[in-house]
Every structure is written in structure tokens, then in C-alpha cells.
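*Asks:* Please model the entire structure based on the sequences and the hints provided.
Protein chains in written order, with full-length UniProt numbering: chain A, 1 to 269; chain B, 1 to 194.
If you are wondering where the hints come from, they were derived from the structure by calculation, not from laboratory data. Every residue, glycine too, gets a C-beta built ideally from N, C-alpha and C. Heads up, some of the hints might be wrong.
[Unchecked claim] Subject to a maximum C-alpha distance of 30 Å in a straight line, what follows is the list of computed DSS-like cross-link-like pairs (lysine-lysine): (1) A/Lys153 x A/Lys223; (2) B/Lys144 x A/Lys223; (3) A/Lys248 x B/Lys36; (4) A/Lys248 x A/Lys269; (5) A/Lys257 x B/Lys67; (6) B/Lys11 x A/Lys257; (7) B/Lys47 x A/Lys153; (8) B/Lys144 x A/Lys248; (9) A/Lys223 x B/Lys104; (10) A/Lys144 x A/Lys119; (11) B/Lys47 x A/Lys248; (12) B/Lys93 x A/Lys52; (13) B/Lys104 x A/Lys137; (14) A/Lys165 x B/Lys144; (15) B/Lys93 x A/Lys263; (16) B/Lys47 x B/Lys67; (17) B/Lys104 x A/Lys153; (18) B/Lys124 x A/Lys143; (19) B/Lys67 x A/Lys267; (20) A/Lys263 x B/Lys104; (21) A/Lys223 x B/Lys61; (22) B/Lys65 x A/Lys223; (23) B/Lys124 x A/Lys263; (24) A/Lys263 x B/Lys65; (25) A/Lys180 x A/Lys223; (26) B/Lys11 x A/Lys248; (27) A/Lys52 x B/Lys65; (28) A/Lys255 x B/Lys67; (29) A/Lys248 x B/Lys104; (30) A/Lys263 x B/Lys67; (31) A/Lys263 x B/Lys47; (32) A/Lys263 x A/Lys165; (33) B/Lys67 x A/Lys248; (34) B/Lys65 x A/Lys248; (35) A/Lys180 x B/Lys61; (36) A/Lys137 x A/Lys255; (37) A/Lys144 x B/Lys104.
[What the hints assert, rightly or not] From the structure, some residues in chain B lie toward chain A, with a derived Cβ separation under 10 Å: (38) Glu56; (39) Val69; (40) Glu70.
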Amino acid sequence: MIEDIELETLINEVYEYYGFDFGSYSRASLKRRVNRIYHLDGFTHFEQFLSKVRSDPEYYRHMVDEITVNVTEMFRDPSFYTVIRNQILPLLGTKPFIRLWHAGCSTGEEVYSMAILLKEAGLLQKSLIYATDINAKVLETAKKGIFPLRMMKEYSENYRDSGGKEDFSNYYTANYGIAKFNEELAQKMVFSQHNLVSDTSFNEFDIIFCRNVLIYFDNDLQKRAINLFDDSLAVLGFLALGTKETIKYSISPGKYKQLDREKIWRKIK
Amino acid sequence: MEKDQVNPDFKVVIIGGSAGSLNVLMQILPQLPAIKSFAIVIVVHRKSTDEQTFEELIELKSAVKVKQVEDKVPLLPGFIYVAPSNYHLLFEKNNTLSLDTSEKVNYSRPSIDVSFESAAEVYKNQLVGILLSGSNADGTNGLKVIQNEGGTVIVQNPESADMPFMPNNAIQNMIPDYILNIQEILQFILSMDN
Ligand SMILES: C[S@@+](CC[C@H](N)C(=O)[O-])C[C@H]1O[C@@H](n2cnc3c(N)ncnc32)[C@H](O)[C@@H]1O
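*Replies:* Below, the structure is given as C-alpha cells:
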């Protein structure tokens with residue numbers, strides 16, 4: 001394991017050389033991730049690793065891509081999607097135009113899941129889905145809509161558990177180990193880089209998804225991100241977090257109302 | 001600088017297990033009176049559908065209160081915490097718990113090794129690690145780290161385990177401080193509040 005003090009040095013140097021501030025990331029996870037890349041890339045002296053990061057912007061980007069956790073799934077937590085399908089979409093459907101934002105979308109599985117729900121509800125044509133992440137590499141994958149074919153069995157089960165009735169395989173074309181999702185689903189998606197640490201609000205949305213991203217932030221940064229979402233959310237809009245995340249440490253009670261036991265809050269004022 | 005660094009002033013018992021371990025836990029936890037000076041953290045491999053039921057069962061049968069684990073929940077003495085399925089459970093220096101969805105370790109998420117190692121870094125000699133029944137190699141490396149950091153290591157006597165592979169794997173790769181039967185593990189935990 002690298003030392004705590006080494007991790008702090010890395011955080012400071014990255015900030016100084018590249019302006020990226022990892023200072024408010026949860027230390028336990030960040031330390032595991034830095035330790036992992038340090039060993040994977042065969043470093044034995046921390047000073048060596050530091051000077052590589054400082055002097056080689058290419059390597060720095062590779063390091064950032066590797067220390068962010070990008071693990072994701074389609075229809076992750078099926079019961080969450082059941083609520084979106086049955087309770088949220090009927091409400092959003094009454095609007096002339098629906099704006100959605102997936103913050104920290106990773107390789108896009110969550111975004112395609114949502115596009116499928118919108119399509120099945122007949123709402124995709126009047127929707128616009130923004131999907132953002134800090135990691136440029138995952139956004140490239142997301143744009144292509146290409147996911148590993150071996151995952152499709154699990155995803156189609158998730159889809160079914162979430163209340164999906166169609167034949168899931170109609171949504172993609174299988175080819176040499178990959179599943180390419182239909183272009184139609186991607187038509188209404190806009191992908192771009194956005195950093196929750198330092199960037200500001202860029203539009204007003206009816207629903208914002210930020211699932212399993214805040215767990216990598218400390219309380220202060222969580223507060224910043226949630227206030228950024230609050231600034232970007234229309235009144236009566238929804239904020240959806242991961243199953244183990246909460247807004248309760250970050251925003252004054254009374255401003256949002258939680259839906260049942262789900263991690264979905266409605267902005268009521 | 002390192003933020004919020006405090007010296008933990010309470011002890012933590014972290015228990016890892018896989019197949020056959022819920023049964024062991026249900027023989028131990030209901031026998032505990034309210035605990036005072038330490039927290040109990042449980043990391044077991046299970047299906048996500050069993051999640052609520054296991055916690056409800058402990059709540060029902062044990063005098064020790066269960067705190068639901070959400071990201072950044074404070075870790076406090078006197079409570080039981082159960083790692084949620086599909087997340088790794090990590091320990092922060094300011095006595096809070098964090099969650100992480102990174103790759104499975106030993107085919108498992110939560111991984112016992114990941115939580116043991118993380119707890120050892122924060123709680124050092126205030127930590128007791130207990131490894132129970134299971135048919136997976138998870139936990140052994142974590143126990144080594146706990147021992148290196150000055151904590152106490154207990155392995156369930158494989159003869160008392162439904163699935164002896166996991167405790168056996170630990171015993172073959174390290175020297176635990178204690179190898180105990182289920183009743184002895186209970187006695188050990190009971191003695192911690194004295
Ligand atoms: C575990 S993935 C979550 C993917 C998806 N939302 C889900 O729940 O399955 C976390 C994502 O957050 C992104 N992320 C981390 N720090 C970020 C930041 N400061 N701004 C925007 N995205 C960030 C990572 O690049 C990663 O893709």
C-alpha cells in the first residue's frame with residue numbers, strides 16, 4: 001500500500017500541474033485506486049510515479065481514467081427502473097418537452113436503459129438526454145452504444161425484472177461478441193465532459209440522475225454536487241441517486257420530498 | 001494535509017463469512033446483550049434479495065441495534081452494521097463508512113479482504129477480525145493485514161464450520177491469534193465490554 005502522505009502529495013501535485021482537485025474525494029476508495037494503478041503499471045518508487053504524472057500529460061490522463069471507478073450496468077437495481085416507469089414517466093409525460101441529465105454516466109448503460117423506457121412510454125421523441133462524465137474515454141464508448149454481448153443475458157433479466165415486456169434482443173444487433181444498440185435510441189442523447197468538482201449548471205432539467213458517483217466524494221463535495229443539481233432542476237423536477245446515497249446531509253429538509261423508499265426526491269419548492 | 005484524522009477511541013469487531021456463516025451469526029448475535037465499547041461490522045456474501053431479511057432478523061433477535069449502512073454513515077460503538085450487497089464497504093479516518101462499486105475481488109462484492117484491509121488501516125490495534133465458514137478464499141489476505149497492523153485475528157474452527165474451506169485457507173496461510181468454536185467466539189465478544 002502507498003502511504004497516506006504519498007497520496008496527499010499526489011493530490012497536491014495533480015492540482016498544481018493540471019488544476020484537477022481530487023482533494024474532496026473519499027480517501028479510502030481513492031487510495032485503493034491509486035495503489036492499484038501504481039502496481040499495475042509496475043512502479044516501485046513513489047517518486048518515479050509522481051514524476052511520470054507531472055511530466056507526461058498522456059500518462060496523467062490515463063491515471064485519471066484508471067482511478068475513477070466506471071463499473072456500471074443496464075437496468076442496475078431493477079426496482080428503481082420500475083418506479084421510473086410506473087410513477088415518474090407518467091408525470092413527465094404531461095410536459096411538452098422532457099429534459100434529462102445523467103451526471104457521471106460512465107459508459108452509458110444507464111442512459112440506454114433510460115432511452116428504452118422513454119421509447120416504450122412513447123416519450124423518446126420529445127425528450128433530450130444529456131449525459132456527462134469527467135472521463136473522456138468512457139464517453140467515447142457511451143456514444144457508440146456498444147456493450148459486451150456476454151452481459152446481455154443479465155441485462156435482459158434486469159430489464160424483465162424492471163417490468164419490461166418486449167423482447168430485449170430487439171434493441172441491439174449482436175456481432176462478434178458485441179451488442180450494438182439501435183441508433184434510434186441514441187438520437188436524443190448528447191454526450192459531453194462535465195466535472196462535478198468545478199463546473200457549473202448548464203441547463204434546467206426535469207429529472208437528474210446521479211447514481212453511484214457521490215459515494216466517491218466526501219461530505220463537502222457531495223453538498224456541492226447536490227446544490228449544483230438543485231440549481232439545475234425545475235420545480236417539481238426529480239433527483240435520482242444510487243440505492244445507498246442520500247441528500248439528507250446536503251440540503252435543507254422541506255425543499256425535497258422523497259418517493260416512498262426509493263432514492264428519488266422531488267423538488268417541491 | 002490529511003483531513004479529519006482522529007485516533008479511534010473505540011474498538012471494532014469485523015466479521016467476514018460466506019456460505020454457512022449466516023447460521024453462525026444467528027447463533028452469536030442473539031446472545032449478545034447491548035454492547036457499549038465497540039461496533040460490530042458484518043461483511044457476508046449473499047444474494048441481494050436476502051438483504052433486508054437478514055438485517056430484519058438480527059434486529060428482531062438481537063438486543064444490539066442495527067444501523068442501516070448508507071454511504072458516509074458514522075460508525076458508532078454500540079451498533080451492528082451490515083455491508084450492503086453489490087458494494088465494497090470501506091472505512092474512512094473520520095469514523096464514517098464509504099461504499100464503492102469497483103470490480104469484484106475474489107469474485108465477491110462486498111469482498112471481505114477489501115473491508116478487512118480498509119478497517120485495519122484505520123482501526124489498527126483496536127480491530128478484531130473474525131473469519132467464519134465459507135467456500136471461497138476471500139478473507140485470508142485481509143486477516144494478514146489486520147495482524148500486521150496490530151489487530152487481533154480469530155478464525156472459526158473449521159471443524160465447527162458448515163463450509164470449512166474459508167477458515168482452512170486462512171489457517172494454512174497465516175497464524176491466527178485464536179481458532180475458536182462458535183460458543184468460544186461468543187465468549188470472546190462478550191468479554192470485550194469488560
Ligand atoms: C460507478 S460510475 C456510475 C455509473 C452509473 N451512473 C451507474 O450508477 O451505474 C461513477 C462515474 O462517475 C464519474 N465521475 C467521477 N468523478 C466525477 C466528477 N468529478 N465529475 C463527473 N463525473 C465523475 C466516473 O468517471 C464514473 O464514470
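*Asks:* Each of the hints needs a verdict: does it hold here or not?
*Replies:* Status of each hint after checking the structure:
| no. | hint | verdict |
| --- | --- | --- |
| 1 | A/Lys153 x A/Lys223 | violated (37 Å) |
| 2 | B/Lys144 x A/Lys223 | violated (37 Å) |
| 3 | A/Lys248 x B/Lys36 | holds (27 Å) |
| 4 | A/Lys248 x A/Lys269 | holds (16 Å) |
| 5 | A/Lys257 x B/Lys67 | holds (23 Å) |
| 6 | B/Lys11 x A/Lys257 | violated (37 Å) |
| 7 | B/Lys47 x A/Lys153 | holds (18 Å) |
| 8 | B/Lys144 x A/Lys248 | violated (37 Å) |
| 9 | A/Lys223 x B/Lys104 | holds (29 Å) |
| 10 | A/Lys144 x A/Lys119 | holds (19 Å) |
| 11 | B/Lys47 x A/Lys248 | holds (28 Å) |
| 12 | B/Lys93 x A/Lys52 | holds (29 Å) |
| 13 | B/Lys104 x A/Lys137 | holds (22 Å) |
| 14 | A/Lys165 x B/Lys144 | violated (49 Å) |
| 15 | B/Lys93 x A/Lys263 | holds (27 Å) |
| 16 | B/Lys47 x B/Lys67 | holds (20 Å) |
| 17 | B/Lys104 x A/Lys153 | holds (19 Å) |
| 18 | B/Lys124 x A/Lys143 | violated (45 Å) |
| 19 | B/Lys67 x A/Lys267 | holds (28 Å) |
| 20 | A/Lys263 x B/Lys104 | holds (24 Å) |
| 21 | A/Lys223 x B/Lys61 | violated (37 Å) |
| 22 | B/Lys65 x A/Lys223 | holds (29 Å) |
| 23 | B/Lys124 x A/Lys263 | violated (34 Å) |
| 24 | A/Lys263 x B/Lys65 | holds (23 Å) |
| 25 | A/Lys180 x A/Lys223 | violated (37 Å) |
| 26 | B/Lys11 x A/Lys248 | holds (28 Å) |
| 27 | A/Lys52 x B/Lys65 | violated (49 Å) |
| 28 | A/Lys255 x B/Lys67 | holds (26 Å) |
| 29 | A/Lys248 x B/Lys104 | holds (29 Å) |
| 30 | A/Lys263 x B/Lys67 | holds (18 Å) |
| 31 | A/Lys263 x B/Lys47 | holds (21 Å) |
| 32 | A/Lys263 x A/Lys165 | holds (24 Å) |
| 33 | B/Lys67 x A/Lys248 | holds (16 Å) |
| 34 | B/Lys65 x A/Lys248 | holds (21 Å) |
| 35 | A/Lys180 x B/Lys61 | violated (50 Å) |
| 36 | A/Lys137 x A/Lys255 | violated (36 Å) |
| 37 | A/Lys144 x B/Lys104 | holds (26 Å) |
| 38 | Glu56 | violated (14 Å) |
| 39 | Val69 | holds (7 Å) |
| 40 | Glu70 | holds (5 Å) |
Comparing the model with each earlier hint shows violations of hints 1, 2, 6, 8, 14, 18, 21, 23, 25, 27, 35, 36, 38; every other hint is respected.
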